[in-house]
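Q: Sequence:
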Amino acid sequence: MLKGKSILVTGGTGSFGKKFVAMTLAQHPGVERLVVYSRDELKQYEMQQQFPEREYPQMRYFIGDVRDRERLLRAFEGIDTVIHAAALKQVPACEYNPFEAVKTNILGAQNIIEAAIATNVKQVVALSTDKAAAPINLYGATKLCSDKLFTAANLFRGKRDLNFSVVRYGNVMGSRGSVIPFFLKEREKGVIPITDEAMTRFNITLEDGVNLVYYAIQHMWGGEIFVPKIPSYRIGELAEALAPGCPHKVVGIRPGEKIHEEMITETDSLNTVEFDNYFVILPSYPLWDQEKFLKTYNGKPCPQGFRYNSGENTDWLSVEQIRELVRQHVDPQFTV
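Quick note: the sequence shown uses the UniProt record's numbering, first residue 1, plus one each step.
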C-alpha cells in the first residue's frame with residue numbers, strides 16, 4: 001500500500017503524527033520518504049532522538065506552518081500522500097483566540113489544498129473530529145469548514161490524478177490534553193472534577209486512528225468522510241475506572257462543550273452509507289458512481305432519521321474495559 005511512496009504528515013510531532021510515524025516505520029518499511037512537518041523545533045528535536053535519520057534513512061524533518069503556503073509548496077515537492085493532522089484543537093483556547101483557529105484550521109486547510117494541486121501530490125487525507133458535526137464551538141466550526149474545503153477540492157482538481165478525503169473520529173485515548181491524562185493527574189489530589197455526570201464521549205485509540213487513515217489511503221475515491229464505528233464511555237464511569245473511590249466534584253461544562261458528541265447528524269445521514277466497521281458520508285456533489293461504490297464495498301444507505309452520537313451509541317466501554325485499554329495504550333504501569 002505504501003511501498004515506494006513519499007508521505008508527509010502535517011502536525012507530525014503531535015500524538016497522531018508520532019504514532020503514525022512509529023507504525024509506518026514498523027509495518028511499511030518500503031516507504032521511500034516519511035516527512036514530519038511541524039512548527040515546533042523542540043518537538044522535532046525530541047522526535048529525531050526517537051527516530052534518527054541514521055537508523056531510518058527515509059525520515060525527514062521539516063520546520064514549517066500550515067499557515068505558510070510558500071513553505072508548504074517547498075515541502076510538498078516529490079510527495080505522493082499528505083496526511084493533514086495539524087490543527088488548533090483545544091476548545092477553550094479556540095474560543096478565546098478565535099481567529100488564530102481560523103488561520104490554522106481553515107486558511108491552513110486551503111493552503112494544503114492549493115499546495116497539493118500545485119505539486120502533483122496524489123492523495124490528501126485530512127483528520128477531522130466529532131466536534132465538526134453540528135458544531136457549537138469554534139473549533140468544531142473551523143473543522144467543519146475544513147471538511148467542506150477538502151471534500152469540495154475534488155471539484156476543482158481538474159484532470160489531476162489527485163484525491164482529497166477526510167477521516168472523522170472521536171476522542172483519542174491518551175492524546176496530549178485529553179481527559180485520561182488529566183484524570184490520572186487529578187486522582188493524586190483525591191478529587192476528580194467532572195463536567196457533567198451525564199456526559200458521554202466516543203473513544204478511539206491512536207492505533208485505530210492510524211489504521212483508519214491507512215484504510216482511507218487504500219480505498220478513497222475522493223470526497224468521502226470516513227467515520228469509524230467506535231465505542232462510547234460515560235464520563236462518570238471513566239472517572240471511576242481511573243480513580244475508584246475518589247469523590248467527584250461537578251464543575252460544569254466548559255464553554256463550547258456538548259453533553260454528547262455527534263459524528264453523523266440526521267441531515268448528514270441523507271448522504272451516508274453503512275459498512276461493517278465504518279460509515280461513509282458521501283460527497284454532496286456526486287463525483288463518481290455512488291451505486292458502484294456501494295456495490296464495490298457491500299454498503300447500504302442509512303435509514304432516514306439515522307444519527308450517530310455518543311449518547312445513543314450501542315457500543316459502550318465498561319469500567320474494566322477502560323482500565324485495560326489504559327494499560328494497553330496509555331500507561332502500562334497503570335493500577336487502581
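Please keep in mind that the hints were generated in silico from the structure rather than gathered at the bench.
Small disclaimer: the values here were computed from a predicted structure and weren't measured.
The C-beta atom is built at its ideal place from N, Cα and C for all residues, glycine as well.
Hints may be right or wrong, so weigh each one.
[To be verified] Simulated pairs of lysine-lysine, DSS-like, Cα-Cα distance not exceeding 25 Å:
#, residue 1, residue 2
1, 19, 249
2, 159, 229
3, 249, 148
4, 189, 103
5, 159, 103
6, 122, 19
7, 229, 295
8, 18, 159
9, 19, 159
10, 43, 19
11, 103, 43
12, 3, 18
13, 159, 185
14, 148, 3
15, 249, 122
16, 189, 43
17, 18, 300
18, 5, 19
19, 189, 5
20, 18, 5
21, 159, 148
22, 148, 43
23, 159, 122
24, 249, 229
25, 19, 185
26, 5, 249
27, 19, 3
28, 229, 292
29, 122, 185
30, 18, 122
31, 159, 43
32, 185, 3
[Claimed, not checked] Pair ranges (Cβ atoms, derived):
#, residue 1, residue 2, range
33, 42, 98, 24 to 34 Å
34, 33, 245, 26 to 36 Å
35, 318, 188, 21 to 31 Å
36, 40, 99, 15 to 25 Å
37, 265, 244, 12 to 22 Å
38, 26, 255, 34 to 44 Å
Q: Confirm or reject each hint.
A: A quick look at each hint next to the structure:
| no. | hint | result |
| --- | --- | --- |
| 1 | 19 <-> 249 | 33 Å, violated |
| 2 | 159 <-> 229 | 34 Å, violated |
| 3 | 249 <-> 148 | 39 Å, violated |
| 4 | 189 <-> 103 | 38 Å, violated |
| 5 | 159 <-> 103 | 29 Å, violated |
| 6 | 122 <-> 19 | 23 Å, holds |
| 7 | 229 <-> 295 | 20 Å, holds |
| 8 | 18 <-> 159 | 34 Å, violated |
| 9 | 19 <-> 159 | 34 Å, violated |
| 10 | 43 <-> 19 | 14 Å, holds |
| 11 | 103 <-> 43 | 22 Å, holds |
| 12 | 3 <-> 18 | 20 Å, holds |
| 13 | 159 <-> 185 | 52 Å, violated |
| 14 | 148 <-> 3 | 30 Å, violated |
| 15 | 249 <-> 122 | 50 Å, violated |
| 16 | 189 <-> 43 | 29 Å, violated |
| 17 | 18 <-> 300 | 35 Å, violated |
| 18 | 5 <-> 19 | 18 Å, holds |
| 19 | 189 <-> 5 | 48 Å, violated |
| 20 | 18 <-> 5 | 18 Å, holds |
| 21 | 159 <-> 148 | 20 Å, holds |
| 22 | 148 <-> 43 | 30 Å, violated |
| 23 | 159 <-> 122 | 12 Å, holds |
| 24 | 249 <-> 229 | 31 Å, violated |
| 25 | 19 <-> 185 | 23 Å, holds |
| 26 | 5 <-> 249 | 50 Å, violated |
| 27 | 19 <-> 3 | 19 Å, holds |
| 28 | 229 <-> 292 | 23 Å, holds |
| 29 | 122 <-> 185 | 43 Å, violated |
| 30 | 18 <-> 122 | 23 Å, holds |
| 31 | 159 <-> 43 | 38 Å, violated |
| 32 | 185 <-> 3 | 41 Å, violated |
| 33 | 42 <-> 98: 24 to 34 Å | 27 Å, holds |
| 34 | 33 <-> 245: 26 to 36 Å | 50 Å, violated |
| 35 | 318 <-> 188: 21 to 31 Å | 24 Å, holds |
| 36 | 40 <-> 99: 15 to 25 Å | 21 Å, holds |
| 37 | 265 <-> 244: 12 to 22 Å | 36 Å, violated |
| 38 | 26 <-> 255: 34 to 44 Å | 40 Å, holds |
Hint violations for this structure: numbers 1, 2, 3, 4, 5, 8, 9, 13, 14, 15, 16, 17, 19, 22, 24, 26, 29, 31, 32, 34 and 37, all remaining hints satisfied.
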